[in-house]
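Trainee: Residues per chain are reported as follows:
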Amino acid sequence: MREHVAGHFEDIEKQAHAARFGMWVFLGTEVLFFSGLFALYIGYRIEHPRGFDVGVEHNTLVYGSVNTAVLLVSSYFVALGVHELRLGRNRLSAWLVGLTILLGLAFLGIKTAEYLHHFADGIYPGGTGRFFEEHTDPGLKMFFTLYFCMTGLHAIHVLVGCGVLSFLLYKVATRSIGAWAPHPLAIGAIYWHLVDVIWIFLWPLFYLVTGHVR
Amino acid sequence: MNDLLLKILDLPPQASTYAFDVDLLHYFVIGTTMLGATFVFLLALWFLFMHRRRFPGETTQRLQTSVPAEILIIGGILSLFLLFWVVGASEYAHIQHPPDDAMPVYVTGKQWMWKFAYQDGRSDIDVLTVPVHRPVKLVMTSRDVIHSFYVPAFRMKQDVVPGRYYTAWFEAQQTGEFDIDCAEYCGVSHSRMLAKVRVLSQPDYARWLERPQTGDLAARGRDIAAKRGCLSCHTLDGQPHIGPSFAGLYDAPVRLSDGTIVTADVAYLTRSMMDPQVQIVDSYKPVMPTYRGILEEPEVAALVELIVSLKDQPIAPSVVLPRTQPLGSAQRLGEGPQPSAGEQPR
Amino acid sequence: MTTVDIAVPVPARRPTPRESYLNVAHTVKSWALTTDHKRIGILYLVTTVFAMALGGVFALVLRTEHLSPGPTIVDAYTYNRLFTMHGIVMVWLFMIPSIPTAFGNFLLPIMIGAKDVAFPRLNLLSYYIYLLGSIWVLIALWAGGCDTGWTFYTPYSDHSPSAVVPTVFGIFILGWSTIITGVNFIVTTHTMRAKGLGWFRMPLFVWAMYGVSIIQTLATPVLAISLLVVGIDHWFDWGLFDPARGGDPVLYQHLFWFYSHPAVYIMILPAMGVIIEVVCTFSHKNPASYKAIAYSTLGIAFVGFATWGHHMFVAGISVFDAAAFGVLSMLVAIFSAIKVFTWVLTMRRGSVVVTTPMLYFFAFLFLFVFGGMTGVAVATQSLDVHWHDTYFVVAHFHFIMVGSTMTAWLAALHYWFPKITGRMYPERMGYVGATLVFSGFFMTFFPQFLLGNAGMPRRYYDYDPQFQPLHVVSTVGAWILGAAMIWTLTYLLVALFRGERAPANPWDSRSYEWLTPSPPPKHNFVREPVFARDPYDYTVPAEEVHA
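Residue numbers (this note's numbering), protein chains in the order written: chain A, 29 to 242; chain B, 1435 to 1780; chain C, -3 to 543.
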């Protein structure tokens, strides 16, 4: 069914504006949702600088960096998809959105492989696992617990994002939305970009930054 | 006047040195705010009476409060509130900082009792015995969940948190028995986690000190230091080893690896045992493991007492340590870089 | 049958029943799947009243237990679960939604001349999420309830034997309802005002809804993550606050209070929005300073985020931090003081009538100023060392939450009763109810200030016998308050069916919602309204406004 003007809005433009505004306010709430965990990370890093350094050094940089590239490229594709939809090229737009979803799933696949790698090393959340019998620093335990919490929560959001984009892909492909009303895809893309941005912050915190404490 | 207000407000006796000042501020804050509240309410009633509707359909003028009037009212109220803050914050700082000559008592809260360990090695459950007119410093932690040590008569309260040591203090100025309540919900018997402070006169306290003892806390600390492996890295005679010596450490300035200088007070000592990686002494390697969960609270107390006792008098060395190499402690600890040859003295 | 043209006010004589949002359809489906903001407001109103009743029953059991020290009618573990569930049900199932979801939903679009909120289907979704969350909390109750206190402090909440996980999960769900409502109100206020209606000509109740929505959307996600972490710790034992695994129990408190302090402003701002409307209408006068009310609303919304540490003065924070939080707490109090003076000065040279809503205003004024001043007192650091976690704090926050917010909610219920239902409530019964509510409330909670002074801690099942007299007085007051609520809800329920039919503007108000019939038609206005004068222009008679 073609996207139409809802009864309480004057025209499609007002409706699109309201939808975009609403999505940005909602993104603010998502940022604050994650910020609680980031605050825990900051607090605990200050309390356990060496444990966190060791944890960062132990993580496999390749997994994290490849995943960063995967998400960045996927964001590019979905942005291009919105652009094409505005020009009325629904088929091309649909392909681009589909690619974005595939990359999102690839991200989840790489993440799963990485988790399995951790489990094989004896690293489990909550400081359990044989890794922690050899490395007893409590800061290290907290590092990995936070790692699983934050990347896990992020992965759930990637999954939700894939779901949202799939629903929008259907709408693009069946021409329910198009050049006359591209805003649903635009706001879905904004959500995807947020998921990407959150990863951009997780990547340095868990894979890159060490304080080199002597 | 004070007694009258204590009665009207249902306040406990002012049994500590800062209780009276706190109550003075209490009277001032409650007095002025209640006066203000009464004024506001009477003003509203006045307007209700003076400006009641005279006939249906009566119209009114559009009135705005003048900006100068608004600024005056708000400025006045803000100044009053800031005065409350200034006095309250400075009293609070006084309550948070024990005097240097305060006598330490080590307190552990656990579900659902309070344990007290004294310098002479003795301990008690649920009764804290202190002399009148002497500042007492409580070094406190919890065994399990957060509790809160509250003595209404002293106007003092401090949460106790597992894995951390906090300090609180008071100086009792009346003899007698005063309630200790747990003031942070801690489970089913929270309301029964009660204890007493027994404030004795100086002669009675001296008599109490003479009761049969089981050994002084500092000596116990020495045994624990040996048993728990502290002495593999820390000496008692002033010679630097893998870690700084305990001799002359208490209350001395310490230079950290990041260049800052801190004082080795009780907080520093307990933190070094619980979170040794947070502050590394300059020119030492960060190889000390944490003792959180390993040392029992009375053991921490005993170790602190040991270090305090070595403040001015190191124990004479029985062995002169070589200037190089410690004993492979890094491998045993399983983390951190290998210590290099050639330690430098503190 | 006449359709009502918004430019001409309805004359004040008894209108015949016509089509309104209430009678346009009668099926269950028309209510269950409604996207009409007015019907959604009613759904919320009914559900929040049930929540209040449940929380109130818990309170009566708690107070009855305190008639004597030691066991009276329940054991310690039950008592601990009761005070926890009382707090949770009252805060999240009643207080936070009460005014915004019922009255905000009903009135916000009408007050800005819109046909509905920006996202009507999301609005309905927010109700069902609220319902789901509430049911989840009831399930947690059935599973035995939680005993950690509504604050869920770690490490106790990590290991409590009670039903922690279903409880936190229920509140987690409820949080999303609050967030959706907040987003909806913000976007509605920005994008759907009638042509020519600027920010400074809206009714001030809209400002209150806007301000509370800002806090709701920014703060609630932090609560969500705090509760998620407590749930994870309890279910999986991941030790996020366990010192042996690198955790810090005090960090939980920072996270929790970062939300929960703004939460108390979520609970009071809507009440303040009701009050300014009631004062202006029943004084037949413009607010003493429109901008003072509007800006102080924003001031509370933003500065309120910076004061959370005043809940942690004895938790082990540094002297510097304590001083910083102390001064910011004094600052945020100033915004409330600005409002208090504005309300009172509004009455000056007004034309004041005392109706039930106005009686509730006087109760509110007394209790809010009194309670607010005790808030300034506990924000004074050295005094809080003695008062923290005692009955003094319990009394303080009940003066604000019950004595102020619930009183304002009762004012709103009466004030907008004609608009929402099309009927009048019986005024004399209202006077009796308001008097009983105020008396019962004061008798319940004033003695608790003295209990706190004397050193009785909160969340105590058992207490020293010296405290018994004050407890007995408090309990008797609680029963009076309970009776007053039953009295009030009963006559309102009867008035719903048998009250005198109400005209469009029974109060001779100038605010915009009184320009539509009582009850309003489904789309609020027949033609897009043009509000010629501001909503507080009492310089001319009602007939001349908007002519």
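Treat the hints as calculated values from the structure; they're not laboratory data. Some hints here could point you the wrong way.
What the hints assert, rightly or not - In silico EDC-like links for lysine to aspartate or glutamate, alpha-carbon gap of 20 Å or less:
(1) K1549(B) to D1560(B)
(2) K191(C) to D39(A)
(3) K1745(B) to D1692(B)
(4) K1661(B) to E1733(B)
(5) K287(C) to D1613(B)
(6) K191(C) to D81(A)
(7) K42(A) to E524(C)
(8) K1544(B) to E1730(B)
(9) K1630(B) to E1611(B)
(10) K518(C) to E41(A)
(11) K287(C) to D458(C)
(12) K1544(B) to E1733(B)
(13) K1571(B) to D1535(B)
(14) K1745(B) to E1611(B)
(15) K111(C) to E41(A)
(16) K1745(B) to D1535(B)
(17) K1719(B) to D81(A)
(18) K111(C) to D81(A)
(19) K1630(B) to D458(C)
(20) K1571(B) to D1699(B)
(21) K1661(B) to D1685(B)
(22) K1630(B) to D533(C)
(23) K111(C) to D39(A)
(24) K1544(B) to D1613(B)
(25) K1719(B) to E75(A)
(26) K1571(B) to E1611(B)
(27) K1549(B) to E1730(B)
(28) K1544(B) to D458(C)
(29) K191(C) to D458(C)
(30) K1441(B) to D458(C)
(31) K191(C) to E38(A)
Trainee: Which of the listed hints are not met by the structure?
Mentor: 3, 5, 6, 10, 11, 14, 18, 21, 22, 29 and 30
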